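Trainee: Residue-level listing of the chains:
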Amino acid sequence: MFDVHEMEVNFGPQHPSTHGVLRVLLKIDGERIIEAKPVIGYLHRGTEKLFEHMAYPQCIPHTDRMDYVASATNNLGFVETVEKLMGVTKQIPRRAQILRVILSELQRISSHLLWLATHAIDIGAMTPFFYCFREREQILDFFEAYCGARLTLNCMRIGGMPEDVPAGWLEDIEAFCDKFDAAVDEYESLLTTNRIWKRRTVGIGVLSPEEAIEWGITGPPLRGSGVEWDLRRAQPYEIYPELDFEVPVGKNGDTYDRYLVRMEEMRQSNRILKQCIPLIRETPAGDLKAKISKVIRPPEGEVYHSIESPKGELGYYIVSDGKTQNAYRCHVRPPSFVNLQALPAMARGHLVSDLVALIGTIDIVLGEVDR
Amino acid sequence: MQVEYPKPSWSQKFLVLDLLEGLKTTFRELFKPKVTVRYPEERNEPTDRFRGMFKFSYDRCIACKLCAVACPIDIIYIDVHDDMIEEGGKKKKVKVLDRYDIDVKRCMFCALCEEACPTKPKSIWLTTKTYELATYDRNDLYFNMQELEYWEDRPRYTGLPEEDEKPRLDETRLLK
Amino acid sequence: MNKALLTYLVWPLVKFLIAFIIVQLIVVAMTWIERRLLGFIQARLGPNRVGPWGLLQGIADPVKLLLKEDILPTSAEKIAYFLGPMLPLIPAFVVFALIPYGPPPAFTVTRVNVGLLLILAITSTAVYGIILGGWASNNKYSLMGGLRSAAQMVSYEVPFGLSIVGVLMITGSLDLVQIVRYQETNAWNFLPQLVACFIFFVSMNAENNRTPFDLPEAESELVAGFHTEYSGMKFAFFMLAEYSMMIVNSCLIVTLFFGGWTFGMFGVGLTTSVLRGMGFFGGILGAAIFFAKVMVFMLVYVWFRATFPRFRFDQLMDLGWKWMIPLALGNIFVTGLFILAGQERLMYWIGLALLGATVFYLGRKPAPRKGIHASRVSEA
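Residue numbers (the numbering used here), protein chains in the order written: chain A, 1 to 371; chain B, 1 to 176; chain C, 1 to 380.
Think of the hints as simulated: they come from the structure by calculation, not from any bench. These numbers were taken from a predicted model, which means no experiment stands behind them. Where hints are given, some of them may not hold.
[Said to hold, decoys possible] Below, a list of computed lysine-lysine pairs in the DSBU-like style, where the Cα atoms sit at most 35 Å apart:
id : chain 1 : residue 1 : chain 2 : residue 2
1  : B       : K105      : C       : K64
2  : A       : K289      : B       : K129
3  : A       : K294      : B       : K93
4  : B       : K91       : B       : K55
5  : B       : K122      : A       : K84
All chains, full assembly: derive it from the sequences and hints.
Mentor: Structure below.
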């Protein structure tokens, strides 16, 4: 009668810690995971197909909705790809470039804050969630002041930026930057040395550098495994070559290392912001758009361009037939989707509680996974 | 750069200082100011660029349809007919706007329509600092030309209606 | 009326009812206090809508739960499903008859000379309801929650009991009143028995399924654990049992380690004789001191909940069996050595030194970790 060594559990799509609508088909023996199979597609909206029927500027609000917690970097990836296709990358005014860096670094901080919030609450620490959201709200306020939206920003345009900085904006960001390091210290005082947190994260979901590269993993999970690969350094775009920042890498490739890497990345992003503000003050106000025609019709060709989004390498592959105002084909390489592939390998042999930590540590956004 | 791992000394481990450190943080936080905004009584004032409800100006609109073209999800419906008017004894052809509807329930507030508008000042804009757009009937979120211009006069949501006085489409819409 | 009937049935029942009502009022208040305090710790306000400062939240919640639909899953095991929430309530309520709230005899319901053992025996039956409820729901998450709960509660009974042994060795009695009387003439037991106090506190968190040991209902893993399928009043019963047990355990730690109803050490301060000298008012004062101490521990529960992440299941077992039990056994051994050597006072100094070292370390500013803070070091 009791031949039940294995039990199948549907982990999601309606589950408090699957970060949206991820479904994991679990085969478990007691609490130990024998097999974890992610089932995706519950949030599929056909974004790539939509892009084929829209003029390029109209695609930008749709890119917001892929990684909806980091829409600025999604915008950046798309507009840079189209600019590369048009061959106008060099003509982007410096002020616009700095502004793009400021927005994407703010977005990186806010995305990492959301990651920390949900990761901590998955592992059971509920308070960092609220502290992170307190700081994240301030960043969303900056976005609101700059472009009028808090989450789905639509804040970049092909060839430049839509608007100049509002009055007092840079001063507010400076004030935020000065306080932000202390805020990260506060989160760390709750988690980094905490023995329960360390027990829950050290040695969980270990990815060796070779494995990580084979899976195609990018972003903080890759750097947590000790591979120093950050597209801001490896394939620099915008003004990143001028900026002074470190690429933090881990050693053991476990959840704790990925945690430390992301915490340090927040500090480094803050450091970049501090450098950018004097730089943008030096540039003339209002010089925000390259001189390109209003109707965007790139020449025939295809291009792949990728940027470092908070979650990893976000790439766009666009094919243009040179005749129409919309892409012939647009493919997105979403970091969450690629990183999620490693979940079955990481989860095997761990306990159900660790699965929750692992879903948190690869930092997925289902809008991006399913597109 | 290699991240550094914390290495607590044995005495710190023995005295469970790592846990007490967290307790210290939460205790300190107990006395810090709270960030909650008690919504119906307190309201956040949106910034000047905040993209909220549409506002339309019939007088400024030149019926060029650029906003409808710019809209990524095609929710702006415009009908125009040509009309001849006399101005200073000369006959002149003008475009007359018959229909300017926005299906706000599908809108994603990207403000591309506002950006595309060629008139100065804009004849369609979203910087109205509004965010309370909920209605009881989803069809209430389909706005025609007059409603887009005078939506302040629309009956606003004041509370849960009684069962028998649920707002009906025809009652709540003005100027139909 | 028969005098024996009066002393052994009527008065204890009346006193039990009064104690029961006070405890249930604390439970009701805790639903508000817990959420409010959590809110304040988490930079928000917590419930503040129902009544002034949200004070009526404690009434609004049960009323809401009473009015909710009582769902019975079709595949549930009906009788067990029904019994699940009932069983934990019984031990949680019975135990209140055994706790001395103030100076005896007026402020104790019943005085049993093996009171401590009786309490341990009764409280350990609370786990049946949770296992039964988790299994009867016929839900995989509930089952896992119930099993986790069973293993956890059984494991932590052991260090829970062992940590008390040290106290018994110093005080030489299983009678809770005697234990309190000992503490007012000597120091409160947490000083000589600091390690035992720590173990007791950890185990009592684990017994109550509170953070960081809230695995049976781990929200992010098992949705809601053993009470996933429960709604309405049945769910409220689980909560009622949980909070009652929290109060029981707070009462126990106060009685065993923090001087019960007294407020004084070495015979100085508000000791039993001083309180008795004040007559009935003194008794009330003693009970007030007792409940104030209990409330402190209830707040510490909340404080812990706000601060700590959750253990994993195997780590929980690991902690219980590999750390807590050996530590408790070692504590018994060391205490025995001290008592043999007749150096009981020395234990106070060791306890004080440990506490002092902890406070000293905590007060210090932590040295900045170099690598992590490299970004700031380079700018400075």
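Trainee: When the structure is checked against the list of hints, which entries are broken? Sort them ascending.
Mentor: none
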